[in-house]
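Can you make the complete structure from the sequences, with help from the hints?
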Amino acid sequence: MEELISINNLSFGYGESTLHKNINMKFSRGKVSAIMGGSGCGKTTILKLIAGQLQPKSGEIVVDGQVVHDQGREGIYNIRRKMGMLFQHGALFTDLNVFDNVAFPMREHTNLPENMIKDLVLLKLNAVGLRGAQKKMPSELSGGMSRRVALARAIALDPDIIMYDEPFAGLDPISMAVICDLIRSLNDALGATSIIVTHDVAETFSFADYIYFLADGEVAAEGSPKQLLASKLPFVRQFIHSEKDGPVPFHVDAPTYGVDLQL
Amino acid sequence: MNNLLNIIAGLGSSFRSKMIRLGAGTRLFFLIIIYSADSFKRIGLTIREIYFTGVLSLVIIVVSAFFVGMVLGLQGYYTLEKYGSSEAIGVLVALALVRELGPVVTALLFAGRAGTAITAEIGLMKATEQLSAMEVMAVSPIARIIAPRFWAGMISMPILATIFSMVGILGGYFIAVLVIGVDEGAFWSQMQANVDFSNDIVDGAIKSIVFGFACTIIALFEGFDAPPTAEGVSRATTRTVVISSLAVLGLDFILTSFMFV
Ligand SMILES: Nc1ncnc2c1ncn2[C@@H]1O[C@H](COP(=O)(O)OP(=O)(O)OP(=O)(O)O)[C@@H](O)[C@H]1O
Ligand SMILES: [Mg+2]
Chain A
1 MEELISINNL SFGYGESTLH KNINMKFSRG KVSAIMGGSG CGKTTILKLI AGQLQPKSGE
61 IVVDGQVVHD QGREGIYNIR RKMGMLFQHG ALFTDLNVFD NVAFPMREHT NLPENMIKDL
121 VLLKLNAVGL RGAQKKMPSE LSGGMSRRVA LARAIALDPD IIMYDEPFAG LDPISMAVIC
181 DLIRSLNDAL GATSIIVTHD VAETFSFADY IYFLADGEVA AEGSPKQLLA SKLPFVRQFI
241 HSEKDGPVPF HVDAPTYGVD LQL
Chain B
264 MNNLLNIIAG LGSSFRSKMI RLGAGTRLFF LIIIYSADSF KRIGLTIREI YFTGVLSLVI
324 IVVSAFFVGM VLGLQGYYTL EKYGSSEAIG VLVALALVRE LGPVVTALLF AGRAGTAITA
384 EIGLMKATEQ LSAMEVMAVS PIARIIAPRF WAGMISMPIL ATIFSMVGIL GGYFIAVLVI
444 GVDEGAFWSQ MQANVDFSND IVDGAIKSIV FGFACTIIAL FEGFDAPPTA EGVSRATTRT
504 VVISSLAVLG LDFILTSFMF V
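Which chain is which? The protein sequence lines are A and B, in order. Counting from 1, position 215 in the first sequence corresponds to residue 215 in our numbering; the numbering is continuous, with no gaps. Basically our numbering = 1-based index in the second sequence + 263.
One should not assume that every hint holds.
Claimed, not checked - Sample of chain A residues at the chain B side, in silico, Cβ under 7 angstroms:
hint, residue
1, Gly75
2, Tyr77
3, Arg80
4, Lys82
5, Met85
6, Phe93
7, Pro105
8, Glu108
The hints are simulated quantities; they were obtained by calculation from the structure and are not laboratory data. Ideal Cβ placement from N, Cα and C applies to all residues, glycine included.
Printed below as a string of structure tokens:
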């Protein structure tokens with residue numbers, strides 16, 4: 001199996017703190033891989049590291065044979081031209097309408113004539129069910145609609161690598177099923193490498209090829225959905241069956257309640 | 264003793280952080296220059312920004328200029344009349360505007376009207392990850408967002424200052440000639456004879472270019488550097504006005520002392 005992206009012995013933290021310790025991950029061409037883990041465990045941060053927006057403290061990230069953080073500006077931009085990323089909060093350009101948002105990467109990176117861009121944009125908007133909203137401004141969209149527009153923008157140039165940061169958050173079950181199919185079919189049609197960050201256990205187990213669980217800054221478990229369902233690891237069982245008690249803490253590290261209440 | 268040390272340490276650290284910001288601002292300036300070629304390929308963006316920073320500032324500039332000109336006309340007339348030289352009112356109004364008030368007041372208004380808008384817009388774009396998203400799409404936010412606003416400011420500010428001076432002179436004319444009744448011929452001919460092109464007008468233009476640079480780069484830097492929160496953006500916006508105003512007044516003193524002394 002060919003790895004398009006590999007993360008080797010990565011350590012990272014904001015400021016002095018450490019968030020990730022010695023992480024190893026591989027994302028193969030043509031596969032949909034998922035990263036799961038509790039809120040705040042650093043999933044979004046991993047996507048930003050892959051996109052070269054953050055520098056690792058140690059270890060390396062290799063994309064298509066190139067070490068991301070060793071590249072100069074041009075090099076990083078060349079790598080990024082192969083990527084599409086759906087941001088957790090959409091990050092639509094608020095001064096452009098829906099159509100222009102999706103057209104943005106095409107206008108920046110291709111010399112396509114405007115009528116062709118129009119066809120392509122409408123195609124992408126149709127895929128996320130928002131062709132009817134093309135003239136709206138981002139401020140006139142609901143949360144779920146903005147993320148679908150952002151999704152259309154992320155896939156505008158049919159990238160080799162597509163990273164989705166919580167594509168299902170805020171979607172109703174129907175949109176969710178459609179977006180699921182869309183991600184799968186894009187991946188298979190383009191032979192792309194997809195990375196999905198998500199909390200949605202049922203959906204992920206039904207359609208991802210490979211899953212990584214992050215906990216305590218490490219990869220706590222990994223494997224295909226089948227392997228993980230059979231796993232005896234208490235951590236994985238807790239996550240899959242959404243149990244409140246278990247090795248994954250719901251609370252952020254804190255002194256005991258008594259100390260905070262000054263009892 | 265310890266207190267004194269703390270004060271010195273505090274001063275030192277605040278000086279150091281200001282120097283770091285100055286360095287970061289300078290770095291932003293060089294990045295803008297490097298990416299300018301890229302951004303001129305999309306000249307439409309710069310023209311759009313000229314509309315937002317320049318054209319939309321016109322109303323406040325024209326109205327303020329007219330009032331400033333009228334006040335100059337009144338004050339100047341009463342003072343000059345005591346010495347029996349009220350015909351010199353045209354010179355006084357024109358020189359005050361072209362040398363000082365045109366560039367300075369325009370820059371202060373520009374910082375309040377356009378500078379704050381630039382800072383708030385860029386700060387919010389950063390807070391909502393629009394700049395990050397652009398980076399990930401391999402489009403430089405400096406080329407696409409920052410540089411067009413920089414050139415728009417550099418182009419708009421001298422033009423606005425010129426308009427300010429012209430409208431201000433009309434304001435002075437309105438009061439002195441039309442209301443008070445100073446001789447119209449004397450008003451214009453004295454002005455023509457005593458306002459020097461290379462000394463007064465060029466120096467005023469240089470001032471307005473320098474102020475335009477200072478206001479624009481400060482607004483851009485504060486927005487680009489703002490912490491990505493509502494509070495961070497609001498503080499950055501305030502800082503834009505405060506720092507721009509102080510910079511304009513300080514620079515004005517320095518420039519004046521070189522130009523006219
Ligand atoms: N810019 C930043 N500066 C400092 N700390 C940050 C920054 N961004 C994130 N963090 C911290 O890093 C940790 C991981 O953040 P990250 O956004 O990667 O989490 P996540 O796994 O995506 O969580 P969620 O599922 O809630 O989106 C969090 O504890 C957060 O407090
Ligand atoms: Mg996240």
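Comparing the hints with the structure gives:
no. : hint   : verdict
1   : Gly75  : violated (11 angstroms)
2   : Tyr77  : holds (4 angstroms)
3   : Arg80  : holds (4 angstroms)
4   : Lys82  : violated (9 angstroms)
5   : Met85  : holds (5 angstroms)
6   : Phe93  : holds (6 angstroms)
7   : Pro105 : holds (5 angstroms)
8   : Glu108 : holds (5 angstroms)
Of the numbered hints given earlier, the model fails hints 1, 4; all others are met.
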